[in-house]
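S.K.: Below are the chains, spelled out letter by letter.
There are 2 protein chains.
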Amino acid sequence: MQTNQRIDGIRLWDSLMAMARIGATPKGGVKRLTLTEVDKRGRDQFRQWCEALGLTVRVDAIGNMFARREGRDPTRLPVLLGSHLDSQPSGGKFDGALGVIAGLEVMRTLHDLNITTEAPIELVNWTDEEGSRFGHSLMGSGAWSGIYTLDKLYNLKDPDGVRVEDALDAIGYRGPHPAAPFPADAYFELHIEQGPILEREEKPIGIVTGAQAMIWYDARVVGQDAHAGTTPPSARRDALVAAARVVDLVDRLMRERGEDGRGTVGYMQVLPNSRNVVPGEVRFSVEFRHPADARIAGLGESFPAEAQALVAATGCKLELTELFRLPAQPFDAGCVDLVRQAAARLGLPAREIVSGAGHDACYVARHVPTAMIFTPCKDGLSHNEEESIEPHEAESGCQVLFEAVLARANRALSAG
Amino acid sequence: MQTNQRIDGIRLWDSLMAMARIGATPKGGVKRLTLTEVDKRGRDQFRQWCEALGLTVRVDAIGNMFARREGRDPTRLPVLLGSHLDSQPSGGKFDGALGVIAGLEVMRTLHDLNITTEAPIELVNWTDEEGSRFGHSLMGSGAWSGIYTLDKLYNLKDPDGVRVEDALDAIGYRGPHPAAPFPADAYFELHIEQGPILEREEKPIGIVTGAQAMIWYDARVVGQDAHAGTTPPSARRDALVAAARVVDLVDRLMRERGEDGRGTVGYMQVLPNSRNVVPGEVRFSVEFRHPADARIAGLGESFPAEAQALVAATGCKLELTELFRLPAQPFDAGCVDLVRQAAARLGLPAREIVSGAGHDACYVARHVPTAMIFTPCKDGLSHNEEESIEPHEAESGCQVLFEAVLARANRALSAG
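Residue numbers (the numbering used here), protein chains in the order written: chain A, 1 to 416; chain B, 1 to 416.
A couple of the hints might just be wrong.
Identical copies carry no separate label here, and so any pair may be met within one copy or between two of them.
Stated by the list, open to error - Simulated crosslink set (DMTMM-like; lysine to aspartate or glutamate; CA at most 25 Å straight-line):
1) 31 - 44
2) 31 - 225
3) 317 - 248
4) 31 - 260
5) 378 - 51
6) 27 - 306
7) 40 - 185
Simulated from the structure, these hints should not be mistaken for lab results.
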């Protein structure tokens, strides 16, 4: 049985720590910004590890790396697995890297056990998941999925004015293969949860059933600047009081939708922002997320009117601009079930979970049957140098990844 | 009767407009920052106008200017009147300048009518009321009142590193007279209201009975940064939601205290202030003002506990630092009554009002019987280039000032 085929948790952890040394920060985190010299060192290390296993590494036009292990049946579509090696400026050791290095450990285990799968397997390192350098997250998977054109992406610039295309050339990772979706049988991605749910419920495995729907707004409340000492209550149009009530509304609407709801005002700017002046203008962001498209559609109907009413009651005006709506992205039931079965077979407590963050898997899922596996992370922290997981958590996640990939690559295909 | 002795409204307006040309801004306002070359031109113009009337101008060590007109009785203490000629960086034509130029018009009228008052009269231009350049408002009146030491004030620096003492020397306005309170019989200051009350009630005259008590806080709410997409409601400690509820509390506490209440959060900084991060920290200011010391004392008792309870309910922590409490500064009943009588005698609708803003009069009142007169200003706007009053409003205010000063300077003194 497959449960006797074990990945090597110590080797996995050692490679995770080796990768974490590339761009290590004094506070124990990682700064491996996409397409920098540090990223190149991470990529080179990854390529070397892959080639040592006999994998064939190819690079596409946006720098995505695919390390292929052939299967027994040359007619079968490849099973993909992977994640990203780039990090936030003050990132952690595991966001992205866990999925890539665990994928490497899957390859190493197949190699050690001398397993030939039916389908080929390809391990992917997607370019620039984080968006920290060029302001555009999910760049590599977005290009591969055909959501963004190469022309658009190549001309994005970092704060120093360096173009993506030139950055790719500078580190030698503008590859000859087209950045376009090729037929694949499945995609599996292991990732830290970046939230507190699994840790709180002491579940080592999250069976990710899909990604949330979301709606983002820019909001601007306009009142009137006024002297804080001389302006009586009846004459005030305090933009911050109005904005504060919208902040409270966003929180209330989130809580009304239960534990699956998300509603956040993360950004706010107060004008003129002077201690003794009643604020005349406040700009802020609003976002809602929910696993169900219908709940986001409902918020898109009700929130603007409720917010307008609250703001109007203060004598201020609200300008609300909907920036975008993303539909929920359910993952493939068959692939999700392979994750569920693997966790059950291994006796690992697991729960279904919807991804709150965006991941490369969300874009890949538009073309390829996809599932994700989450592991807990300490205090739910991510995008933070204190991001942390335990070695046994990495091992459990990697073992589930191994089982799911192997099952998919060896599944019996129905005739015709 | 005194009501036949009329100030010259056209001359008053012409001089106001002449002063407004010194530091005029393209948008119709004034930038006459204290102790700059522009301020020097305003001061020189003021001195020249005063000396043309035979007044003796002396300057003290902080640059306050006193233009003295002798009375009949050399044993009587002087009656003071005045305001300030410095402005905000984007200030208006009338904030401060009205009180100084109206005082000049009082002097001119006494001159024209050949009136010799019993007591001497001194017209004051206080240095740096606004605090815009050196970060310290009410500098001249504060030094004169003994609230701040010269040594402390001399060493304050503007953003370019220029010290107050050097700025005084540079424009030749560090005078030989001590910046210390000298005995005076009274002080009268005419000023625009800088609020909407008189305009709304169509009262050309505000009989200012005193200045508000106030209490200022610095507040810091600490929650936890968290991913906006992955962090469920139950795991959030959203510092902005907590701060928003305190903003709403401040507004409610203000309104519960009626039209005399003031409560403002004018400044707020959100951290990390990123669209998809639940804010982990928010810093903001809180201030309350009220004419009654007891109401401010009561707020000082109740507000911290109410705010703490609101913040604790969100899982965040509140650090509240009381910066200062200023007691209410009631003006002198006798001087206030002279203002009331003058308005009544002139048939000018008037109402009692408490100053919401700080004025030089608030500090002078600690040593000298003081009253203020307010005129309406358009839409209550001040500290704004659109600050505006009507010529007839300036004239009415100046006429009341004239009557009150003349009555005080000629009052019969009780024996002994």
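S.K.: Any hints from earlier that this structure breaks? Give me their numbers in increasing order, please.
M.R.: 4, 5, 6 and 7
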